[in-house]
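Undergrad: Sequence:
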Amino acid sequence: MAEIVRLALCDDHAVVRSGLRTILAAEPDFEVVAEAGTVADAERMAAQHLPDVFVMDLNLPDGNGLDGTRKVLAASPATRVIVLTVHDEVAYLRRAFEAGATGYLLKEAADLELVRAVREVAEGRHYVHPRLGAD
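Residue numbers are given in the numbering used here: position 40 of the sequence shown equals residue 793, and the series is strictly consecutive.
Some clues are possibly wrong.
Said to hold, decoys possible - Label pairs and their in silico Cβ distance ranges: (1) Glu756 <-> Arg878: 25 to 31 angstroms; (2) Glu861 <-> Leu803: 26 to 32 angstroms; (3) Leu865 <-> Glu784: 14 to 20 angstroms; (4) Pro781 <-> Ala844: 36 to 42 angstroms; (5) Gly816 <-> Glu842: 18 to 24 angstroms; (6) Glu756 <-> Thr791: 28 to 34 angstroms; (7) Asp815 <-> Asp782: 20 to 26 angstroms; (8) Thr775 <-> Val839: 29 to 35 angstroms; (9) Ala831 <-> Ala863: 26 to 32 angstroms; (10) Arg869 <-> Pro814: 26 to 32 angstroms.
These are calculated hints, taken from the structure and not from any lab test. Everything numeric in this text was worked out from a predicted model, so none of it was measured. Even glycine gets a Cβ: it sits at the ideal position worked out from N, Cα and C.
Given these sequences and hints, build the entire structure.
TA: Here is the structure:
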């Protein structure tokens, strides 16, 4: 894992992004370098900032987080994507990993679970929310 994990966030709700930023920026080895509210912004932020980890919502106004994941990875191939979503169906999980995500976390997760997911993915491991079959 890099000394400082550089993060980007994509969610169409400003209050959700603010909450994520607050949780993640409280970690001394995390730095939030970019935020986006659309797939287009996520792609642009990935290319501009080359974050280590990109936290991506699935439901966005100009597309979905699966397309967003593909575009982020095309713009910044070394970035690892964590899908953060309300969708708790295994089919969404599979589609997210097929799109290139390396993490899948439900929005019901506690703040410590988000931090754990980011750390796991930043260290090169896959992460799946425990309720969906991985611990």
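Undergrad: None of the hints should be skipped; say for each whether it holds.
TA: Hint-by-hint comparison with the structure:
no., hint, verdict
1, Glu756 <-> Arg878: 25 to 31 angstroms, "18 angstroms, violated"
2, Glu861 <-> Leu803: 26 to 32 angstroms, "30 angstroms, holds"
3, Leu865 <-> Glu784: 14 to 20 angstroms, "19 angstroms, holds"
4, Pro781 <-> Ala844: 36 to 42 angstroms, "37 angstroms, holds"
5, Gly816 <-> Glu842: 18 to 24 angstroms, "19 angstroms, holds"
6, Glu756 <-> Thr791: 28 to 34 angstroms, "31 angstroms, holds"
7, Asp815 <-> Asp782: 20 to 26 angstroms, "32 angstroms, violated"
8, Thr775 <-> Val839: 29 to 35 angstroms, "20 angstroms, violated"
9, Ala831 <-> Ala863: 26 to 32 angstroms, "28 angstroms, holds"
10, Arg869 <-> Pro814: 26 to 32 angstroms, "29 angstroms, holds"
Hint check: violations occur at hints 1, 7, 8; the rest are consistent with the structure.
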